[in-house]
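Residue numbers (numbering that gives the first Met the number 0), protein chains in the order written: chain Z, 0 to 333; chain P, 0 to 333; chain D, 0 to 333; chain G, 0 to 333.
Where hints are given, some of them may not hold.
For chains that are exact copies, the list does not tell them apart, and a pair is met inside one copy or across any two.
For lysine-lysine, the following PhoX-like pairs were computed, each having C-alpha atoms within a straight-line distance of at most 20 Å [claimed, not checked]:
| id | residue 1 | residue 2 |
| --- | --- | --- |
| 1 | K26 | K315 |
| 2 | K81 | K329 |
| 3 | K249 | K224 |
| 4 | K249 | K279 |
| 5 | K84 | K42 |
| 6 | K322 | K84 |
| 7 | K224 | K279 |
| 8 | K26 | K42 |
| 9 | K291 | K332 |
Since the hints were made in silico from the structure, they are not lab data. Owing to the predicted nature of the structure, the values given are computational and were not obtained by experimental measurement.
4 protein chains.
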Amino acid sequence: MINIGIIGYGYWGPNLCRNFNLQQNAKLYAIAESKIERHKSIKDQFPSVKLYGSADEIINDNQVDAIVIATPVYSHFELAMKALKSGKHVMLEKPMTSNVKQAVKLIEVSENLGLVLMVDHTFLYTAAVQKIKEMIDSGVIGNLKYFDSTRINLGLFQSDVNVLWDLAPHDISIILHLLKERPFSVNATGISHLNNGIEDLAYLTLNYNNNMIAHFNCSWTSPVKVRQILVGGDKKMILYNDIEPTEKLKVYDTSYAVSNDEEKFKFLIDYRQGDILIPKISNHEALFMVAKDFVASIVDSQRPLSDSHLGFEVVKILEAAEKSIKNNGKEIKL
Amino acid sequence: MINIGIIGYGYWGPNLCRNFNLQQNAKLYAIAESKIERHKSIKDQFPSVKLYGSADEIINDNQVDAIVIATPVYSHFELAMKALKSGKHVMLEKPMTSNVKQAVKLIEVSENLGLVLMVDHTFLYTAAVQKIKEMIDSGVIGNLKYFDSTRINLGLFQSDVNVLWDLAPHDISIILHLLKERPFSVNATGISHLNNGIEDLAYLTLNYNNNMIAHFNCSWTSPVKVRQILVGGDKKMILYNDIEPTEKLKVYDTSYAVSNDEEKFKFLIDYRQGDILIPKISNHEALFMVAKDFVASIVDSQRPLSDSHLGFEVVKILEAAEKSIKNNGKEIKL
Amino acid sequence: MINIGIIGYGYWGPNLCRNFNLQQNAKLYAIAESKIERHKSIKDQFPSVKLYGSADEIINDNQVDAIVIATPVYSHFELAMKALKSGKHVMLEKPMTSNVKQAVKLIEVSENLGLVLMVDHTFLYTAAVQKIKEMIDSGVIGNLKYFDSTRINLGLFQSDVNVLWDLAPHDISIILHLLKERPFSVNATGISHLNNGIEDLAYLTLNYNNNMIAHFNCSWTSPVKVRQILVGGDKKMILYNDIEPTEKLKVYDTSYAVSNDEEKFKFLIDYRQGDILIPKISNHEALFMVAKDFVASIVDSQRPLSDSHLGFEVVKILEAAEKSIKNNGKEIKL
Amino acid sequence: MINIGIIGYGYWGPNLCRNFNLQQNAKLYAIAESKIERHKSIKDQFPSVKLYGSADEIINDNQVDAIVIATPVYSHFELAMKALKSGKHVMLEKPMTSNVKQAVKLIEVSENLGLVLMVDHTFLYTAAVQKIKEMIDSGVIGNLKYFDSTRINLGLFQSDVNVLWDLAPHDISIILHLLKERPFSVNATGISHLNNGIEDLAYLTLNYNNNMIAHFNCSWTSPVKVRQILVGGDKKMILYNDIEPTEKLKVYDTSYAVSNDEEKFKFLIDYRQGDILIPKISNHEALFMVAKDFVASIVDSQRPLSDSHLGFEVVKILEAAEKSIKNNGKEIKL
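Sequences are here, hints too, so could you generate the full structure?
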């Protein structure tokens, strides 16, 4: 039985607690929350769980085997490093760290100590993403030509990280998971309407070698909520609308085939638009599967699906994107 | 009575003919179409109109007062120049010309000769854009913070111009019409899946000085058709969905107000989400109003709404966008 | 070559003219329109067609082989009878006649004289209805359990017939076409908000013997336009949304299976919700196929798909429905 | 402090417990649940609440002031009667009872004993219904002309009551709440696909005197989930789509005005279609307000909004509807 300690009981913390509480091989053992006014609610919900006022206490508790860190990004590195050094497995909320250097160090330490280091990229565990992955791997989608994501709404303006650090990790982790190929560079543009250097609206392009492009439109300042990804293959294309309660995926039997004409600069293109399929996907809660994977990785000494290397790659792209924005959209090599 | 001659009876030509035919102060006098197989259909539709096999014949016809050019972009400059030099007023389909230099020359010649030179940016004449313009001008939207357009579908791949030259003129002409301010630079990225240097999918950012940004997502390779613009003001925001048959505009009483906190890096933001209004807009055909404006500009010697200077600005942005794509997304000053 | 004469150039007339004009084995020969103010527009559109001011002239024209009647319902019987008696094939707009007696007489006369008598139930010729028919006939839908139609909008209030006579013929003709079984009775309720005895909102139930029911919700007084039919089979169910431009049909792999439990009044029901398919359907214009069927029926002496017997059955149901409304919803046997 | 006892911890019970637990002037004191396998989960959720295995125990507990009955309909009468007779205030889940007679008796007893008797018609407490009520009462909607509800999905087939008893109470309670006028009769049709006399699909019309009609389309056998009500006034019309997460109400500035023409049977109708408004409505949980109203009614000896008389009227209509179905749609006077 793995004893889990969770640091941070803010927005996401209650969901983490609930889902770790449901695991077979683990137990929600302790929660650390520095805001004392939240303690009563924690006690009501989890009367038998140990309750601490500081992260250090939970890190120093010898009964705790693994620590889940659900605090603001800037604190991830220090807390995770302490936790690893005290011999504890660690799961970090996304994004993994504030920069690439921190991510590299955490990976190094975790691997030297033989500890699991995981990042909670929840979307990898959704039935929708799993179905897309399955369709790509089986070849029915064909070669990927583009990935186009829109993730916008009237969202909480963060005061420490820009909108890409806040929203794009979802989509970047998905594209990294779906495709073996990696982008060689990024371009990004954006604007900080508050003039505080923290963009609330930003556009990111990932450039790939293999005739593929990815684009991300992220905003905290949209009147409508959109959570939509287009995955374009040369055989089929997928529309993933995460707001739809039941019909999240639409698979379009749409494509075009190109045959070079003899005339220079002339292309003959055959368009095809066939049936549309809305596959049935399961209703499991993704976060339950995240928690399960973390526990299984500890028990069976295996790599989680959303491991530290994927987390590191997400941070690498975010860091480059921010650099591109600050350099007026200049291409930044990865 | 102004005698109108139309060059090119392809995709858009029939619509132009029909709408000029309905004008009070003008008469559809002649059509030039080089593809002889289209002549029978033209005769059936417009039995009393003069029918020519070449553009030159119509340009040289002394009865023709004004010429509408609905041919591929690469031919615009030469045809328009000839028409102006033979003393005829000219309306060009969008985009005006293949490059800035050509646009400048046409403007020069038309102004020297005192002839009307207009570009058919049809969207400026739609009830939806007129309503948005009216709301911005009246101040109810507040200061514009962003303009975000998505114009994607499984479209015909053009063999001479990329997807931005094909689709973005609509949206660029709209933003130029709505706002007095002009962008100072552009960034663009894109991909040519056919590897022929003609992008079928591209992303364009316009950078403004006044805390404003515009972005355009254009694609010929989407399984779904989207024609959507978000116009974000600091008082209200508008969603313009051109595919909706009747509810094209949604005006969101959504905004946030920022008050600087005393703590450094801390911002207090008040979010507001109120009612949504779907204003009734008229059903007039925009192209009828385009034709009417062209005729009125000739008759009354006035500038049309969609004049050559706006057409030139669109071309300037497109040219810069293409340069940015070819330079890996580098910022191009305007 | 069949010479077609069309009586009535109101709302639907221009569409009929255009589609008969496109037929190979027929020619749009004459149009009769009593409103003289419409004659100029007819001449502009169809300069070579004979133009009459009265129905009688067209009926007495010996060159006319077949007559299409697109006038108000109350005039159908008299005009059709005259046309048949002068030896002409007849196509009537829906509904066929004002009552059952008239329909019976027309059928009798047409059959005695060996003339084609057809009713323009256009929906039978749409790709959507043909696809549904094909799916039902092939067995993939299973046995039909219900048919539920909603056809509402802010429509023109008719002054001679109620909303069922105006809108329900579409849906009734579809269900009659899809299913061999016939309803044995009807119930209907409705209201005349103008208090003139002509219902602008009405609800119709068709009762079937074979564990099947059909229901129709018709209104001229809805703020939203809905054109939707649910076809429930015991294997699959279809949602037919006629307003959708491209995704008109959604086929749900949804069903339940019942196994009688041993306990009295206890049923074990297995629910199943699988994939959803949006089949690609063709884009042909249904009215072109209507015209083609009329012409082919004359040329080849065959029954059209939408023949007089189907037209009669529609009228029979409408007559019974009106009787039920006037009798407070009482069941009326067919 | 009012001690609340809840009988039945099935589908709805947990929601009731949670919401009573949040009340200021009441305390969730005891739960009775006969299925012992559910007890562990209750203890986990509500460790300090008394847990009983039978309804009688909770009814006989002197510490309990008020009882909430969330059991199948057939058991409502007996349990409520016992509870009232033991001096306890009672809230019943909808529908109140299995028939009118039972409802009358419960009302009689509760009034004789001076006890609160309430029915949980939750929808009366939603922000959407409150907003509609407010718009009707303020006169902006004008006189109501129709009420048209569709409440369909692939729902659980009940084994004791038909689909109207299961789903229509929501819509019937809403129309009774919105309008002072009462229907004078009902017509209903339906079908039992299981042939067990329990309709899984049914249509109900309520007939009113004042130029108004209401219709309800209820089904357990639809592949799509629809929860939609059209409220038609002679000034404005409302579309209430309960599935929409944020835009539940759309208010259409749509109407027609009738002016009698001098000619008999001729009506001049002016149609008007103006703006559409989507009013902002609050996000409060309706069931919290239900619980609050029950507690306040006890504490302040006042009638709850959703009182026993409204509950009785719902049952009266359902009983008449069932009679109408069994009599082939015959009008049943209320």
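Q: At 20 Å max between alpha carbons, let me know whether K81 reaches K329 within a copy, between copies, both or neither.
A: neither (37 Å within a copy, 42 Å between copies)
(Q) If the cut is 20 Å between Cα atoms, do K249 and K224 qualify within a copy, between copies, both or neither? (A) both (19 Å within a copy, 14 Å between copies)
Q.
As a check of your reading, is K249 near K279 (CA-CA no more than 20 Å) within one copy, between copies, both or neither?
A. The answer is both: 10 Å in one copy and 14 Å across copies each meet 20 Å.
**Q.** Copy assignment of K84 with K42, given that the CA separation must stay at most 20 Å
**A.** Classified as neither; 29 Å inside a copy, 39 Å across copies.
Q: Check K322 against K84 for me: Cα-Cα at most 20 Å, and say if that holds within a copy, between copies, both or neither.
A: Neither, since 31 Å and 51 Å both go past 20 Å.
Q. How would you classify K26 and K315 at a CA-CA limit of 20 Å: within, between, both, or neither?
A. Close neither inside one copy (33 Å) nor across copies (53 Å); limit 20 Å.
Q. Is it within, between, both, or neither for K224 and K279, if the alpha carbons may be no more than 20 Å apart?
A. Answer is between: at 16 Å across copies they meet the 20 Å cutoff, but 24 Å inside does not.
Q. At most 20 Å between C-alpha atoms: does K291 with K332 qualify within a copy, between copies, both, or neither?
A. neither (36 Å within a copy, 52 Å between copies)
**Q.** Homomeric proximity label, K26 with K42: Cα distance no greater than 20 Å
**A.** The answer is both: 16 Å in one copy and 19 Å across copies each meet 20 Å.
Consistency note: the structure conflicts with the earlier hints numbered 1, 2, 5, 6, 9.
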